[in-house]
Amino acid sequence: MPRINSPAELEELRKGILSKRDPNKPCITLCSGSACHASGSEEVAASIEEEIKKQGLSAEVDFRKTGCHGFCERGPIIVIHPEGICYLQIEPKDVPEIISQTIKEKKVVERLLYTDPSTNEKIVHESEIPFYKNQERLVFGSNGNIDPKSIDDYLALGGYSALVKVLSQMTSEQVLEEVKKSNLRGRGGGGFPAGRKWEECRHAPGEIKYVIVNADEGDPGAYMDRSLLEGNPHSVLEGLTIGAYAIGSHEGYIYVRQEYPLAVENVGIAIKQAEEYGFLGENILGSGFDFTVKVHRGAGAFVSGESSALMTALEGRVGEPRPKYIHTAIKGVWDRPSNLNNVETWATVPLIINKGADWFAQFGTEGSKGTKIFSLVGKVNNTGLVEVPMGITLRDIIYKIGGGIRGGKKFKAVQTGGPSGGCIPEEQLDMKVDFDELSKAGSMMGSGGMIVMDEDTCMVDIARYFLDFLSDESCGKCVPCREGIRQMLKILANISEGKGKEGDIERLEELSEVTGDASLCALGRTAPNPVLSTIRYFRDEYEAHIKEKRCPAYFCKELISYYIDPKKCQACMICLRQCPAEAIVGSKDQIHVIDQEKCTKCGTCFEVCPPRFGAVRRLSGEPVPSPVPEEARIIVRESKAK
Amino acid sequence: MSEILLQIDGREVKAEEGMTILEAAQSAGIYIPTLCHHEKLEPYGVCRICTVEVEIRGRTNLVAACVYTVEENLVVRTRSEKVDKIRKMLLELMLAHAPDSEQLQDLAGEYGADKDHFEKEPSFCILCGLCVRYCAEVKKKNAIGFVDRGARREISFIPEIASKECNSCKECFSLCPTSYLQAAFVLTESLAFSRDSSPTALKK
Numbered sequence: 000m001p002r003i004n005s006p007a008e009l010e011e012l013r014k015g016i017l018s019k020r021d022p023n024k025p026c027i028t029l030c031s032g033s034a035c036h037a038s039g040s041e042e043v044a045a046s047i048e049e050e051i052k053k054q055g056l057s058a059e060v061d062f063r064k065t066g067c068h069g070f071c072e073r074g075p076i077i078v079i080h081p082e083g084i085c086y087l088q089i090e091p092k093d094v095p096e097i098i099s100q101t102i103k104e105k106k107v108v109e110r111l112l113y114t115d116p117s118t119n120e121k122i123v124h125e126s127e128i129p130f131y132k133n134q135e136r137l138v139f140g141s142n143g144n145i146d147p148k149s150i151d152d153y154l155a156l157g158g159y160s161a162l163v164k165v166l167s168q169m170t171s172e173q174v175l176e177e178v179k180k181s182n183l184r185g186r187g188g189g190g191f192p193a194g195r196k197w198e199e200c201r202h203a204p205g206e207i208k209y210v211i212v213n214a215d216e217g218d219p220g221a222y223m224d225r226s227l228l229e230g231n232p233h234s235v236l237e238g239l240t241i242g243a244y245a246i247g248s249h250e251g252y253i254y255v256r257q258e259y260p261l262a263v264e265n266v267g268i269a270i271k272q273a274e275e276y277g278f279l280g281e282n283i284l285g286s287g288f289d290f291t292v293k294v295h296r297g298a299g300a301f302v303s304g305e306s307s308a309l310m311t312a313l314e315g316r317v318g319e320p321r322p323k324y325i326h327t328a329i330k331g332v333w334d335r336p337s338n339l340n341n342v343e344t345w346a347t348v349p350l351i352i353n354k355g356a357d358w359f360a361q362f363g364t365e366g367s368k369g370t371k372i373f374s375l376v377g378k379v380n381n382t383g384l385v386e387v388p389m390g391i392t393l394r395d396i397i398y399k400i401g402g403g404i405r406g407g408k409k410f411k412a413v414q415t416g417g418p419s420g421g422c423i424p425e426e427q428l429d430m431k432v433d434f435d436e437l438s439k440a441g442s443m444m445g446s447g448g449m450i451v452m453d454e455d456t457c458m459v460d461i462a463r464y465f466l467d468f469l470s471d472e473s474c475g476k477c478v479p480c481r482e483g484i485r486q487m488l489k490i491l492a493n494i495s496e497g498k499g500k501e502g503d504i505e506r507l508e509e510l511s512e513v514t515g516d517a518s519l520c521a522l523g524r525t526a527p528n529p530v531l532s533t534i535r536y537f538r539d540e541y542e543a544h545i546k547e548k549r550c551p552a553y554f555c556k557e558l559i560s561y562y563i564d565p566k567k568c569q570a571c572m573i574c575l576r577q578c579p580a581e582a583i584v585g586s587k588d589q590i591h592v593i594d595q596e597k598c599t600k601c602g603t604c605f606e607v608c609p610p611r612f613g614a615v616r617r618l619s620g621e622p623v624p625s626p627v628p629e630e631a632r633i634i635v636r637e638s639k640a641k
Numbered sequence: 000m001s002e003i004l005l006q007i008d009g010r011e012v013k014a015e016e017g018m019t020i021l022e023a024a025q026s027a028g029i030y031i032p033t034l035c036h037h038e039k040l041e042p043y044g045v046c047r048i049c050t051v052e053v054e055i056r057g058r059t060n061l062v063a064a065c066v067y068t069v070e071e072n073l074v075v076r077t078r079s080e081k082v083d084k085i086r087k088m089l090l091e092l093m094l095a096h097a098p099d100s101e102q103l104q105d106l107a108g109e110y111g112a113d114k115d116h117f118e119k120e121p122s123f124c125i126l127c128g129l130c131v132r133y134c135a136e137v138k139k140k141n142a143i144g145f146v147d148r149g150a151r152r153e154i155s156f157i158p159e160i161a162s163k164e165c166n167s168c169k170e171c172f173s174l175c176p177t178s179y180l181q182a183a184f185v186l187t188e189s190l191a192f193s194r195d196s197s198p199t200a201l202k203k
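Sequence lines, in order, name chains A and B.
Numbering that gives the first Met the number 0 puts the first sequence at residues 0 to 641.
Numbering that gives the first Met the number 0 puts the second sequence at residues 0 to 203.
There's no promise every hint is true.
[Unchecked claim] EDC-like mimics (lysine to aspartate or glutamate), calculated; alpha carbons at most 20 Å apart, straight line:
id : chain 1 : residue 1 : chain 2 : residue 2
1  : B       : 81        : A       : 508
2  : B       : 87        : A       : 508
3  : B       : 84        : A       : 512
4  : A       : 330       : B       : 16
5  : A       : 489       : B       : 113
Note that these hints are calculated values from the structure, not bench results.
Let the hints inform the model, and build the full structure from the sequences given.
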C-alpha cells in the first residue's frame, strides 16, 4: 500500500474503498471478541466460510469477523446486514440453515432470534433488542461493524477523518480547547478532566513528551478496554495521535497486559497498518507532524494500572507507584512530561473532534459528559458490555438493559468501580450514574465495572473478597496499604467464619481511615471503599455475623447448616444420591438425615430437593435440631400400605 | 536557588526550592519522625510515619514530609490529632511484625501505640527498604532486593551477589530498624552461598 501524503489522497482512498462496497450486499458479521471466542465463535466462523462456498454464494455475500458486540451472555452473535437481523448463541450446526434461509431465501430463522422474556415475542433486529435499544453506543458502536484487523473497514466508516481535521484545519491549541470544552473526564478511574491533564503536559517544560494508553485494565469482571482495543484498535490509535498533536508529543506507548493476547495482536497489526498508510510515523498526512507508537506488554499486575506504577513499569522496573506530588504530566516516564489516559478515553477523542465538543456535551450530566461503557456482570440476566449516557439510573442499567435479576431473585446491591469501588444498595437504585454521584454514594466510577448481586450474596463476604484481591495486588511498598489491608482482611475473615468480636466494625473503620488517609497511591487510598460501603449500607449483616453468628444470605459456610425437615422428607433418595460428601443417611423407606460432621455445606441437597417437598432447610444462627430417632424415621407409603 | 517561605508549626521557615518538607523542617530544627528515610538515599515515602498535615490554597492534605517538596506559603502541621492517630496506628501495624524494635518502641512511647494492638505476626522486617536501597544506590551492588508483592512482600539476599560482596561490607546492618536484616543474612549465608565462598566467608 503506498503511503498517503495528504488529506486529499486519504479521501481518494476512502472513495475507492467505498466504491467497492455495496451497502445492499448481504454481509454476515460474527462477533469474534474474547467472550464469543470462548463460547465457540471460531468454529462458527469456519462453518460459515465453508457453507458459503458449499452453497455457491461466495460472490453474493460478505463475511466479517468483528470485535465484541457487547451482548456476551448470548454469544456467539451473528448480525446479518443490511437488515440487522440478529441471531444469538449460534452453533456451527445452525449455520447451513442461516445461509440457506436468511441469505438465499431472505427468510428469518425464528428459533435463533432473541425472545423477549416479558412478552415472549421474537425480536428480529439487533437494534430492537432491549439490551441494545436502551444504550447509546457512541464509542463502542462501531465494534460490531469492523474487522479489527482491517484498516479499510475503519476507513470505510470514516476512520482517521478526525486526524485529518486536526492536522489540516486545527492548531494544537484549538484541539486542546475542544477537548477541554467537551469536559471529557478520564474513563480509567479517577475521572480527572482529560483536557486539563493534556494542558498541564503541554505546558510542562521539556522537549520530549510521551502519551500513553493505559490498557492495564485489571478489575475483576471488567473488560471494556480489552474489547475496545481488540475490536476497534484504530480508534484508540487515532485518539492517541490527536492527543499527541495537542500536547506536542512525538512518542506514544500502549501499555497492555500480556493476558490480553487478542488485544496485543490486533493493536500490533493496527500500528503496522497505520504506519504503512502514513497515519503514524514521520510527516503524517503531509502535515509535518511526526508520531510513533510502541506496544509495551505488562505482566498483569493490577497495581500497574496506577499511572505512576505503569510509568515505572514502562521504564523497565518493577511496577510500583511512586509519590505523585509532582504530577506525571510534568515528571512521568524517565522524568519527562507524560500524559496517560485509558483506552476508552482515547477512543472517545476522535468523536469529539469529528462532531464537536457541544455535540459530546449534550450527553450526560452537568459534571460528567458523554457516555460510559460498563461491564455489566453478576446476577443479572443480560451480562455484557453496555454503553450508556452518563446520568442514566442504575435501575435502568440493571433492569431495562440487564433484564433484571437472574432466576427471579431479589436484588441486593450493585458493586461499581472494581476493588476500589463500593456496594450500592436498592434504595439508591434511582441514583443517576456519573462520577460525582457514585463518589457521593461511597463508591466510584472506576473503569466501569458493575457487578450485580442478589439476595444470596453475603455482603461481608464481598468485602472480604475484594480485600483479599487487594491484599494480593497491592505492591506492598507502603505500610498503611500493605498492613492496613492485611489487618482488615483478617477481621473480615474472622467475621465470616463466625469468629467476629464486639468492636470489629469499629476496628475496620479505624483501619479504613488510616489506610485511606496515609497510603502512597490510589490503590491504598481507595482500598477501604468495599469495607466502608458495605458497613454503611449493610451494617445489620455485619452485626448478624458478629452478634448472632448468623449469615443472613446463608452464604458463609462456617455459619450455616443444612437440615432435612423430617415432617416434609419423602425419602425420595434424590439428595442422598447427589450429596458429594455422602453425608446423607437414609433409604427408600427411611427419611433422610444429614450427618453434620460430614456435611461440607455445598448446598446440593437444598438445590435438588423437589420443590413440592421443600424438605431441606438452611439454618443460620440457630442450632440444628437433633435427628429423630431411627424407629421414627420409617416412612409407610400409602400405595404400598394398601 | 530561590528562597521559599513557608510555615511549619506556626513558625516562619526559610527553605530552598526543591527541598522536601522534611529537609526544611530539619534545617529549622523541627523534628518529624522517620523510619524509611536516609539522607544518603533517594526519598522513598513508604513508612508514612512522617505524614504531616499541609494547607495550600485553602485545601488541607495529608502528605509524606520526606517526599513532598516545599511551596511558597505552604502551611505545615507536624502534629495534629489526625497525624498522631495515623502515626499511632502505623506503629502498631509495624509492631505486630517487629515488637522488639527499639526504634519502633521509642516512637510507640511518643504516640501511645500499643505493641499488642494487632495480633503478632513476627516477620521482624518492616520493609522500610533501607538495606535494599542502600545496597543499590550507594554501594551499587544490588545484593539484596524485594521479592513478591502485597502482604507477601519480603526482602531477600541474592546469594550469587551476596556471597561475593557482603562479607566485606555489611554497611546495611546498622541501618536496619529491626534485627531482621542480620538474621536474613546469616540465613542466606548458611543456606545458599556456594561451597567455595562460604568457608572463606566464615573465616573472615
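Evaluation of the provided hints:
With a C-alpha separation of about 14 Å, the suggested pair residue 81 of chain B and residue 508 of chain A falls inside the 20 Å cut-off, and the hint holds. Taken as a hint, the residue 87 of chain B and residue 508 of chain A pair is honoured in the structure, with Cα atoms around 15 Å apart against an allowance of 20 Å. Our distance criterion of 20 Å between C-alpha atoms is met by residue 84 of chain B and residue 512 of chain A, whose separation comes to about 10 Å. About 16 Å separates the Cα atoms of residue 330 of chain A and residue 16 of chain B, which keeps this hinted pair within 20 Å; it holds.
Taking the CA atoms of residue 489 of chain A and residue 113 of chain B, the gap is near 19 Å; set against the 20 Å cutoff, the hint holds.
Going through the hint list in order, the structure satisfies each hint without exception.
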